Every structure is written in C-alpha cells, then in structure tokens.
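Protein chains: 2
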Amino acid sequence: MKTPVYWLPYLIFSTRKSSCRITCHLERAIAARNMATINQTDVSPSAATPIVVPSAEATSFIQRCMEKVGTHPEHARQLADVLVMGDHRGHFSHGLNRLDMYVRDIQSKTCNGDGVPVIVKESASTALIDGQNLLGPVVGRFAMAVAIRKAKESGVGWVAANASNHYGIAGYYGLQACKEGMIGMSFTNTSPFCVPTGGVYKTLGTNPICFAAPGVNGDDFVLDMATTTVAIGKVEIAMRKEQPVPSSWGLDKDGHESTDPEKIFHGGGLLPLGGAENTGGYKGYGLNVMVEILCGILSDAAFGPNIRSWTHPVGAANLGQGFVAIDPGRFADGFKERLQAFVNILRHLEPSDPSRPVQVAGDPERAHLRKCDSLGGIPYHVNQIRHAEELARQLGVAPMKTKE
Amino acid sequence: MKTPVYWLPYLIFSTRKSSCRITCHLERAIAARNMATINQTDVSPSAATPIVVPSAEATSFIQRCMEKVGTHPEHARQLADVLVMGDHRGHFSHGLNRLDMYVRDIQSKTCNGDGVPVIVKESASTALIDGQNLLGPVVGRFAMAVAIRKAKESGVGWVAANASNHYGIAGYYGLQACKEGMIGMSFTNTSPFCVPTGGVYKTLGTNPICFAAPGVNGDDFVLDMATTTVAIGKVEIAMRKEQPVPSSWGLDKDGHESTDPEKIFHGGGLLPLGGAENTGGYKGYGLNVMVEILCGILSDAAFGPNIRSWTHPVGAANLGQGFVAIDPGRFADGFKERLQAFVNILRHLEPSDPSRPVQVAGDPERAHLRKCDSLGGIPYHVNQIRHAEELARQLGVAPMKTKE
Numbered sequence: 001m002k003t004p005v006y007w008l009p010y011l012i013f014s015t016r017k018s019s020c021r022i023t024c025h026l027e028r029a030i031a032a033r034n035m036a037t038i039n040q041t042d043v044s045p046s047a048a049t050p051i052v053v054p055s056a057e058a059t060s061f062i063q064r065c066m067e068k069v070g071t072h073p074e075h076a077r078q079l080a081d082v083l084v085m086g087d088h089r090g091h092f093s094h095g096l097n098r099l100d101m102y103v104r105d106i107q108s109k110t111c112n113g114d115g116v117p118v119i120v121k122e123s124a125s126t127a128l129i130d131g132q133n134l135l136g137p138v139v140g141r142f143a144m145a146v147a148i149r150k151a152k153e154s155g156v157g158w159v160a161a162n163a164s165n166h167y168g169i170a171g172y173y174g175l176q177a178c179k180e181g182m183i184g185m186s187f188t189n190t191s192p193f194c195v196p197t198g199g200v201y202k203t204l205g206t207n208p209i210c211f212a213a214p215g216v217n218g219d220d221f222v223l224d225m226a227t228t229t230v231a232i233g234k235v236e237i238a239m240r241k242e243q244p245v246p247s248s249w250g251l252d253k254d255g256h257e258s259t260d261p262e263k264i265f266h267g268g269g270l271l272p273l274g275g276a277e278n279t280g281g282y283k284g285y286g287l288n289v290m291v292e293i294l295c296g297i298l299s300d301a302a303f304g305p306n307i308r309s310w311t312h313p314v315g316a317a318n319l320g321q322g323f324v325a326i327d328p329g330r331f332a333d334g335f336k337e338r339l340q341a342f343v344n345i346l347r348h349l350e351p352s353d354p355s356r357p358v359q360v361a362g363d364p365e366r367a368h369l370r371k372c373d374s375l376g377g378i379p380y381h382v383n384q385i386r387h388a389e390e391l392a393r394q395l396g397v398a399p400m401k402t403k404e
Numbered sequence: 001m002k003t004p005v006y007w008l009p010y011l012i013f014s015t016r017k018s019s020c021r022i023t024c025h026l027e028r029a030i031a032a033r034n035m036a037t038i039n040q041t042d043v044s045p046s047a048a049t050p051i052v053v054p055s056a057e058a059t060s061f062i063q064r065c066m067e068k069v070g071t072h073p074e075h076a077r078q079l080a081d082v083l084v085m086g087d088h089r090g091h092f093s094h095g096l097n098r099l100d101m102y103v104r105d106i107q108s109k110t111c112n113g114d115g116v117p118v119i120v121k122e123s124a125s126t127a128l129i130d131g132q133n134l135l136g137p138v139v140g141r142f143a144m145a146v147a148i149r150k151a152k153e154s155g156v157g158w159v160a161a162n163a164s165n166h167y168g169i170a171g172y173y174g175l176q177a178c179k180e181g182m183i184g185m186s187f188t189n190t191s192p193f194c195v196p197t198g199g200v201y202k203t204l205g206t207n208p209i210c211f212a213a214p215g216v217n218g219d220d221f222v223l224d225m226a227t228t229t230v231a232i233g234k235v236e237i238a239m240r241k242e243q244p245v246p247s248s249w250g251l252d253k254d255g256h257e258s259t260d261p262e263k264i265f266h267g268g269g270l271l272p273l274g275g276a277e278n279t280g281g282y283k284g285y286g287l288n289v290m291v292e293i294l295c296g297i298l299s300d301a302a303f304g305p306n307i308r309s310w311t312h313p314v315g316a317a318n319l320g321q322g323f324v325a326i327d328p329g330r331f332a333d334g335f336k337e338r339l340q341a342f343v344n345i346l347r348h349l350e351p352s353d354p355s356r357p358v359q360v361a362g363d364p365e366r367a368h369l370r371k372c373d374s375l376g377g378i379p380y381h382v383n384q385i386r387h388a389e390e391l392a393r394q395l396g397v398a399p400m401k402t403k404e
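Quick note, the sequences are listed as chains L and P, same order. Sequence positions in the first sequence follow this note's numbering and run 1 to 404. Sequence positions in the second sequence follow this note's numbering and run 1 to 404.
Errors might be hidden in some of the hints.
The calculated lysine-lysine pairs, modelled on DSS-like cross-linking and capped at a C-alpha distance of 27 angstroms, are [as the list claims (entries may be wrong)]:
| no. | chain 1 | residue 1 | chain 2 | residue 2 |
| --- | --- | --- | --- | --- |
| 1 | P | K152 | L | K121 |
| 2 | L | K403 | L | K371 |
| 3 | L | K109 | L | K152 |
| 4 | P | K152 | P | K109 |
| 5 | L | K152 | L | K179 |
| 6 | L | K263 | L | K253 |
| 7 | P | K152 | P | K179 |
| 8 | P | K336 | L | K121 |
| 9 | P | K68 | P | K371 |
| 10 | L | K403 | L | K152 |
| 11 | P | K152 | P | K121 |
| 12 | P | K263 | L | K152 |
| 13 | P | K263 | P | K253 |
| 14 | L | K179 | L | K371 |
| 15 | P | K401 | P | K68 |
| 16 | P | K179 | L | K121 |
| 17 | L | K152 | P | K403 |
| 18 | P | K179 | P | K336 |
| 19 | L | K179 | P | K121 |
| 20 | P | K121 | L | K336 |
| 21 | P | K371 | P | K401 |
If you're looking for bench data, these hints aren't it; they were derived computationally from the structure. The model shown is predicted, which means the values in this text are computed figures rather than measured ones.
Working from the sequences, and respecting the hints, build out all of it.
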C-alpha cells in the first residue's frame, strides 16, 4: 500500500531553515550553498530514484558527525536513534535532513553537547526537568524515562521540561512509553509558524501532539501530528512546483486565507488544523495553545511569540516539552486486546475508495518500515545523500556508505 | 463583542435526537410532537427575541422535572448545575434543550436516578470508576472530584469511568478542576456520528476534548471542542435554511465530501476536524480515536461503532469518559501568571478584521456569561420556552418562570 503524502505531516522541512540557524559567517556561506542544492527539489525519496542506506550506517554516520564536533558519544547515539527512527518511519523532514542543524548547534555552542538533564522538582507522579540546553533527544529520552518510572510506581507520570531543543519526531517519545506497555504522550513548542484564528502574524509554533498506545503483538496506535493543518515544508514544495494549495493550509501577510504558496511562505503563515474559522480552525488554534500551555507555560520555558525565530535564531532555544506515561494496567483489564479490536474494526471498515483501505494513525509509518525492511535500509533522495556527503567533507568524517 | 456562531461548537443539537431516545411508544408520540415544534426553527436565542429566565429558576425547573420522575434530589441538582452551566456559557445544545432526554432516560429506567458511582480500582494517581449507569453529570462530577483529590496528593489524577451516560458540556468538568487551581481535562465518547478518514459509515462519536487551565483573578483558558468539524446540529440548521455548508463539514452516503446538508444529514455523516484528507482531516480522525482510547478502551465501556445509535437507542448507553487533573504547582512556580501573560498576548494581537479581536478558548463563553449577567438571566429561544412549558404540563410540575 502506497503511503499517501497527506499522512506525512512532517514531510520535508527543507534544509533552508536548518541552515539558517548557523551563526558564523563562513558557515552561513556553506549553508547557503547546501540550501541552494536542496531547495531545488522535493527531498522525499518518492521524487527521484532513492539511494538506500542501511539504518545502522545512517546511525553511525550521524554519530560520527556529532562526535566530530564535540558531542558526547552517548548524546550522539541518542540523537542518531531519534533521527534514524524519523527517517525509518517516513518522516524525512525530521531525520538526516536536520543533521546539519544539530551539528551547527553544537559547533556554535548554541546547544550543549555534554551534560545531564536535572530533575528540579518532583512528586509521586510529576517532575519538572531542566534540560540544561542539551540536545532535544537527550532531554526527551531522559524526561520520558522519568515519566515511565513514575507511571510504573503511581499509575501516571507527567513530566515538563524546559531549556530543551528540537527533539525530532514527537512519536519517538510516545513509542518509548509504548515499548514499556504504557500509553505515551508528548508535546513540544516550536518557533512561531502558526497564525492564531483571527490574527495576522505568526505567533505560535506547529506544536505537535503525539499519542501512542500499545496493541497486541507489537501493533500500536501512534498519532504524531502538528496542530497546524500542514508543516511549512509542504507549502515550500507547492511553491517550487507552482501549484496552488488547499485553502485551509495558510494565510497571506494580511491574514487572509490564501491558496498561493508564495504568499503563505513569504510574509504569511500556517493556519491551525481546520483552516479558517468557519471550517473549525479555531479548534486547531485551541489545541495549539493547549500544547503551549503544557510545554512553555507549565515548564517556564520560552513560549509562543517569545520563542526565537526559526530563520533568524538568537540565543538558546529554551523550548518547553511535555512527556506523559499512563499505565493502562491501572484501569480496566485487557486494554491491549480492546485497543487491538478497535483498530482492527477501523482498518476493516468499508473504504470510500476500494483501493485505499481505512487506516489508523501509525499505519502509514508501519508501511514505510516494511518498505525499508524490504529494501534493506532507508531510501533517501539523491539530494539528501549529496548533502550528507558535503557535510562529511566539511567535517572531515567518513561519508555515509550506501547499500551495495 | 458579539459571540461568533463558529465559537459555539455544540450549538443546537435539536431535540429531535434527544426525543428519539425515548423507548416507550407513548413517549415516542409525545416526543415526535415536541420534535416537530422545535425542529422548525433554530433554537439559538439569536434567532428570535429571547425570553430571559433567571439561572436559579432554570436550575429549579430542571430539578423539579427530574425529581418528579424519581431522580434523587441531589442527582437532579447536579444535573441541573451542569445543564444550566451549558446554557449560561452559550452552549444551548447541551443545556435545557436536552432536559427531556434525561427525563425520559429516568422514566424508561434506561438510566438510574439513584445510587453512587463505585471506585473499582485505584492507585496513587489513577482510578477506574463504574458509573453504575447513573446520570452522566453525577458520574462526571464524582470522577473529576476523585481526579482532583489524587492530583492534590500525587500531582496528577487520571480517572476513567465506564457505565456512564451523556454528561453535558465537557467544559463543566475541566472547570471543576480549574476552580481548585488545577489544569482539568475531560473526554467522552458518544453515539456514532463521525466517518473515519477514507471510510463511508458513521463509526465514531463526536468525542469532545476539554482542556481548562486557570489564569489570574478568575480568568481561564477553556477549550471545549468536538473532534468533528462541527456538531450535527449545525448541519440541521443549514438544512432547514436550505443553505450549503463548507466542504469540510460532512460526507454524503457514499463517503464523498458534500456541501449539501440534506445529503450529510440523511445517510451521510460528519467529517473529523480538518475535513477531507488533504485538508488535515486525518488528524481530526486521529484525535477522535485518541479520545475513544482514553474513554471506551481504557475504561472497558462501549466504544466506537459498538455504542448504541443516537436515533435508535437500545439498552444502557455504557459510555466511557476520562477525567484528568494536573496540579501546576508541582511544576515551575508562577503557572497562573504565565498563563495570564500568554492569553493576554494572544488577545492583544493585531486582528485581521479590526472589528473582531483575537480571542482565546473560553472568551466567547465569557462574553455570553456577561450577557446573561446584564440580562438578569439566560436568554432562551421562544421555542425552547414552549418546549419547557409542554414538558412541565406532561410531568405536572410548575412551569419555568420567566423574568418579569
């Protein structure tokens, strides 16, 4: 079954944005060149004949790049795990595609490559964590581990972290809980991209929600979605293709709904899930604010429009994040079996298009995982591979080996 | 500031549906007559010169109707509190408009009018509650009180209830936590109205999410939203007005997006928040399933398509519901002040239409509360008043007094 593009909410955050976070001038120049390469094309593997890289090699490549710029080996490994899971699950915008951002963050000391997150405050089922400006995945994995421990002890663990950084796919942390038989949730705030209902300016992040719950025999339900209708990368792709976008994706600079990706991208912004007000956009806006309350407000991190710009970042990100683990065993017995029955009912519903079965959240990712298995690795767009080669050259590390 | 109609997600669930829950033939006949009265018009007060009823009298009327059919006085009071709050906040679909449904549920013994919910299982931060087929508000208030107690003790309280019934506005329970300085969340499953992305049939409920968080001096953020784009009542109103609806509201009987309210209402169904797949509807579908997992699946209540039909109900509802309280004091100090700063930033953003300030969730309801204060009561549509008079006559209780 082909994975529909709509199911990849994070697809293709272009390296333009990543590169723009570089702080030194020389690096900016290099980044501009990389950006020029990547921005010409859709970097999703479906856009050209993909080049397959075994997962272990992608992991190893990320590790050696990060270690080369001074990241603690264990932190490099944790970041690599999260990014490779992103690619493996088909969320290519949040995988290798963002490696240069993390490399530059460590190089420029915008983010710390060594240290340990600190539990500032805790109770039976809560913790507040100071992320110590470490890599987002280091903070996230630590925080979710605390949430899981507390859920094992008291039934629920709810953890808020401040002083964090971009943590990759939110789904990673939900799955971290799922692997322990828990329901897992995670949220993060982000740099502003979203225009509140009735507003004009980008004020809120894409503020994703992850909700993961375990079924039987490794099956699961994994919702991992931005609370904007789409990620900005999808607007960029439409712009390059000179194609209009659905009306619920974004606004122009005057706060009017627009189907012109140029207007959305240049000076406009993304609409919350639901689009305009009369199609329910105020609900997506509400969910977006809910995520910010559970992230920046609860943890006392940066929030909303106070978060540094993605294209012109200054200082540490100080992102806020939330991590929740719930032990379903504390509720009615047989949770996994009921969940399995429910998702199976949904999957076997009569579809409106007989060629496209009804899916549940996580199914497109599962299809991509199977695809990777059959290919013997992750299928990367040729430009992504070239970008990695360039990064390897710049850093003086061995380039990423592709599958024979 | 006029409350925009879009901000009333629950607006006008017509009594047709409520009435159809009546099980005995005589009652069905009475209901059909009531339905005919109400269905001719939009029962929102804006549709005709409203008739004002003091809140205390609306509360008292609901109590005497419920007591007359054998409901325990305390249960009648709790139901009245929840329904009157619905009307007070402008969610007229979930207030007095639904009284006859609750009356018939008690009369027909579909729902129990006396008893106490039972804590079946509990841990430091969780509880599973058997709602004993009591009125939804009785179960909901009890369950949220347990969640709040656990949050005071351990930081978080997460409660799942089964064997419950329609519990009115989800916002009531979020606000119950808010009044104790807590973040409150609540969810419920419902009879099927929503067609999953890519499907054809109504399989899932409107599955609302409430998230409420306290600010300073009684201010708050209260998101209370169905995870469908709109409630079915808005489709009914458009049908009566013979007006097309936005394309993201619903589907026809073949699972195709439709702007014809007749086709959506008769044999079709509601779309999840976001509408079709390419406008993000798969996200609303994911959120809708998330709610069901936290309700029917976690508590072992009825779930998804197994929940009895709204128009042809058979047996007890056995709804599943979720109640969460989080003590923000266990996280970074100054939560309420930060929340207040955040919502104030949002409210003072430049609006795209200068006559309509940017709002946050709960602001339209606040405006309606102020309107009620200035009127000295709740402004009901004349047909709602007539319906209440008819109910009073049927039950032999004193009719609801309107404001002099």
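Results of checking the hints against the structure:
no., hint, in the structure
1, P:K152 / L:K121, "holds (15 angstroms)"
2, L:K403 / L:K371, "holds (15 angstroms)"
3, L:K109 / L:K152, "violated (37 angstroms)"
4, P:K152 / P:K109, "violated (37 angstroms)"
5, L:K152 / L:K179, "holds (13 angstroms)"
6, L:K263 / L:K253, "holds (7 angstroms)"
7, P:K152 / P:K179, "holds (13 angstroms)"
8, P:K336 / L:K121, "holds (18 angstroms)"
9, P:K68 / P:K371, "violated (32 angstroms)"
10, L:K403 / L:K152, "violated (41 angstroms)"
11, P:K152 / P:K121, "holds (19 angstroms)"
12, P:K263 / L:K152, "violated (49 angstroms)"
13, P:K263 / P:K253, "holds (7 angstroms)"
14, L:K179 / L:K371, "holds (22 angstroms)"
15, P:K401 / P:K68, "holds (17 angstroms)"
16, P:K179 / L:K121, "holds (24 angstroms)"
17, L:K152 / P:K403, "violated (56 angstroms)"
18, P:K179 / P:K336, "holds (12 angstroms)"
19, L:K179 / P:K121, "holds (24 angstroms)"
20, P:K121 / L:K336, "holds (18 angstroms)"
21, P:K371 / P:K401, "holds (19 angstroms)"
In terms of the numbered hints stated before, the structure departs from hints 3, 4, 9, 10, 12 and 17, listed from lowest to highest.
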